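Peer 1: Mind docking chains B and C on chain A? Use the hints.
Here are the chains, one letter per residue:
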Amino acid sequence: MDGILLGLETALQPGNILICLLGVTLGTAVGVLPGIGPTATVALLLPITFEFDPVASLIMLAGIYYGAQYGGSTTAILLNLPGESSSVVTALDGHQMAKQGRAGPALATAALGSFFAGTVATVVLAMFAPPLADLALKFGPADFFSIVVLGLIASIALASGSTVKALAMIVLGLLLGTIGQDQFTGVPRFTFGVRELYGGLDFVSLAVGLFGLAEIIRNLESRHSTELVTRKVQGLWLTRDDFRRIRMPVLRGTALGSALGVLPGGGHVLASFTSYSLEKKLSKEPKKFGTGVIEGVAAPESANNAAAQTSFIPLLSLGLPTHPVMALLVGAFIIQGITPGPNVINDEPELVWGLIASMWVGNLLLVLLNLPLIGIWVRMLTVPYNVLFPAIIAFASIGCYSIGLNAWDVFAIAGAGLLGYFLIRWGCEAAPLLLGFVLGPLLEENLRRAMIISRGDPSVFVTRPISASLLLLAAIIIVVAVLPSVRKKREVVFQGEDD
Amino acid sequence: MSTDTGVGNGAGHSPAPFRPDLLAGGSFIALGLAFAIGGARYDVGSALRMGSGYVPIALGGTLVVLGALVVVMAFRGGDPAIRDVERPPVPWRRAGLLVAAILFFGFTVEGLGLAPTLLVTTFLAALAAPEVKPVRAALTAAGITALCLVVFVALLQLKLPLLGDWLGG
Amino acid sequence: MRRHIPLTSLACLTMLTLAACGGGDADPAAYPEDDITMVVPFSAGGPTDTVARLIAEPMAEELGADIVVQNVEGAGGTIAGGQVADADADGYEVLIHHIGMSTAPGLYPDLAYDPLEDFKTVGLVTDVPMTIVARPDFEPETLEDLVSYVEENADTVTLANAGVGAASQLCGLLIEQAVGVDLTEVPYDGTGPAMTDLMGGQVDFMCDQTTNTASQLQAGKIKGYAVTTPEPVEALPDLPTTAEAGLPDVQVGVWHGLYVPADTPDEIVEKLTAALEVALEDQNVVDQMATLGTTPVPAEDVTPEAHTAKLEEQIDLWTPIIEESGVTGG
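Chains as they are written, first to last, in full-length UniProt numbering: chain A, 1 to 499; chain B, 1 to 169; chain C, 1 to 330.
If you're looking for bench data, these hints aren't it; they were derived computationally from the structure.
Hints should not be assumed to be uniformly reliable.
[What the hints assert, rightly or not] Partial pick of chain A residues on the chain B-facing surface, computed with a CB cut under 8 Å:
(1) LYS165
(2) VAL171
(3) LEU172
(4) ALA391
(5) TYR401
(6) ALA407
(7) VAL410
(8) ILE413
(9) LEU423
(10) GLY427
[To be verified] Chain A regions said to be covered by chain B (calculated; three or more residues, Cβ under 8 Å):
(11) 210-219
(12) 455-468
Computed from a predicted structure; not experimentally measured.
All residues carry an ideal CB built from backbone N, CA and C; glycine is no exception.
Next comes chain A alone, as it looks inside the complex:
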């Protein structure tokens, strides 16, 4: 507890509050640009932080990170342009809400859910960092393979249409994820000799194409400009009913996100997807998911933010980055003359606890900053669509290009846009594909690694307790998911109507 007090003392110094405010503001402003997700935002703004002393610089960097995450959700909700895997899920129902004129409540839910989750996760971080970090080390390749399998199985629920098509989209996503250099052998796969593709397809390009560009083409199906997306704005704030509906999803999302965020090697990726799937499973009206239900925004946003917070645990207690943004932070630590590692919490208590406490301060500032801004964001939707969509194309192209100066990242937007447009037209939804794409490399890597370590013995997946219980859970989900849909199908046949 001394630690938290020390941290609050540090974080609440006026100078540090100001730095934190600066960080979240900059992070939000850049993160809201289409095509620039949180990782890119942190990379872009990293040099600014070198000007400050270590504590201030890390507070600012962390502020940029969750500011960018919030900014990314804003773009996902308003424009259907997710900038990172976590906001893909937010776009599903968030953008539908925006189309129905409920962008305000969607944004407010994202802000409040994130704040609540951030607060809880900060406490988790402060109290349980060392034991949770040890738990994270217990996760071997076989366990990670199994949790990815579980995540993929759960993600079938992301689609509101046909299960077979959702499965096919997941597999297609997994396949797209194999493009690039095979890290086990160095062989470039499906790159057709293009060296720029060695690093694989860019996630942001794919997401911007599949969601953003595909949506624009779909909107342009209208013949006349008057038919284009008439967006009404109905109220900016949550209704009493909204509050009642988001309560449990926020709690569950926070719990799930806090747990998954700790896992090394990409647990945070799973947080928003699994929490969405969980809510859909628990909901009395699962069919409404995907059409603009507020639970579909509240759960993944809370999970995502909680995971973002607890993913600091391996970094702060072990010096291990579990997320690209954490890797950037490691660099920042070193440049500030601090060696990240297991000793940092003892050697630099003021820094570590100050950073932890500042996360809570930052989340608070983020809410205060963003709630009044909602009105302005929502007004952005009243920009005539004839102007809005060319601007989105321009911003997305620059955003995707500027990160790696790689023209192929831009070409990928066009390809993904066409693919997305037609697949959606044929009843195949894009979200499972994106999840498959993100998890594909993790699935393959850990499968191959686990098999190498076990010397080719596949029983490792069922003899390791963690892996076995995860696979068991996956099996249960399949059974639970398939049984009712088989039963439902009978009813459908008898009633002669569906959906």
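Peer 2: Below, chains B and C alone, put in the same frame as chain A:
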């Protein structure tokens, strides 16, 4: 998970196969084959040391099977989730303009530089709007270009050349 | 070219007086008149990026121009190499690259550039030692134990590395060659995940830069056997050198150097070399490098001559080793 394959569902609902499912299933089969055949060019390896081709072949094969199921669905009345949804004609010209705009950006941003490339890209994109006149599209393009330059170059200080080699920048 | 045109040219642009806005001819005597881009072939936050950012600041101060660090990742650093090889030879685009510069010809048969022909060397920066480390409960206690243990259990011992062409993989190849065994290599996507699994006891041992291992060793979270340099490392006094501990052939350091395109005027290269020399004497740089378990190279190595000699020697060393092992970058 609302609806499932049309196995046994609505058989005889319509005599002709449902086109969107046919196309979707066909695409999945084609893509699955492409990845599997492409993957077969790489070393497949063994279960202990999986080669580069192992996973693509396995997944490609899975996609072919799933694609086949979707094709089956097409012949059994189609996917109920989209069977009765109205599908307006594909806006080929507009989609083409958008794709051209993005490809133009990718091909020329390094050679021409950010400013001229953006002007053309946004102009092409703006032309895709319904009932738009070229003059209006040009104005839109100029405005968006200026905005982008302010945001990305002036505010964010992105190190992108405004004018590229081709223009003697 | 990617030289950054100053903001004032925004005004020219709106008038579309394109030709008038072009950058003037570079005058080597006036260099630098503009921001310099330092291209890092790896992701922001990685060890090479850290070294780049550390020296960029004092170098910028000495040169009197901003140095902007740009991360151009991919294909083992060869994309960045290709970019700078093709850049204008005016000193405004500088590449920092490590040992990968000398292994690329072996790893990538169709490499788009020649490390010796297409660049001028500016000078060496630092030579990061590597350490042979193991999971905390791994049986062998010393390097000698490790060698005999590995010989006896070659079938079951697992050797982690950070992926194709990574320094950890190269060092691993050297160890396998020196001991005369073929071990099961477990590749990871970068050093972080590899270290996680080493600490968690999922893999047996690896060889990695002090940048990544020093703090974990000091905290006793992993076991250390030796450093791969001729001299002991100050930050890790308990570790013998490989020569002392019985594997004298395992000598490898992650050396870093600065490069400019081959046609860059010598006058500009001299200015860069001079600035690098000053930067490496900067107390802050020395201190920060010390926390990473490394030091700046001695002053006599901060020259194009010493750098070129090192590059040639390393290409000759690694190319046959890589070819023999059958490792390829594609």
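Peer 1: Now tell me if each hint is right for this structure.
Peer 2: Against the structure, the hints come out as follows:
no., hint, verdict
1, LYS165, "6 Å, holds"
2, VAL171, "5 Å, holds"
3, LEU172, "6 Å, holds"
4, ALA391, "5 Å, holds"
5, TYR401, "6 Å, holds"
6, ALA407, "4 Å, holds"
7, VAL410, "4 Å, holds"
8, ILE413, "5 Å, holds"
9, LEU423, "7 Å, holds"
10, GLY427, "4 Å, holds"
11, 210-219, "holds (count 3)"
12, 455-468, "holds (count 3)"
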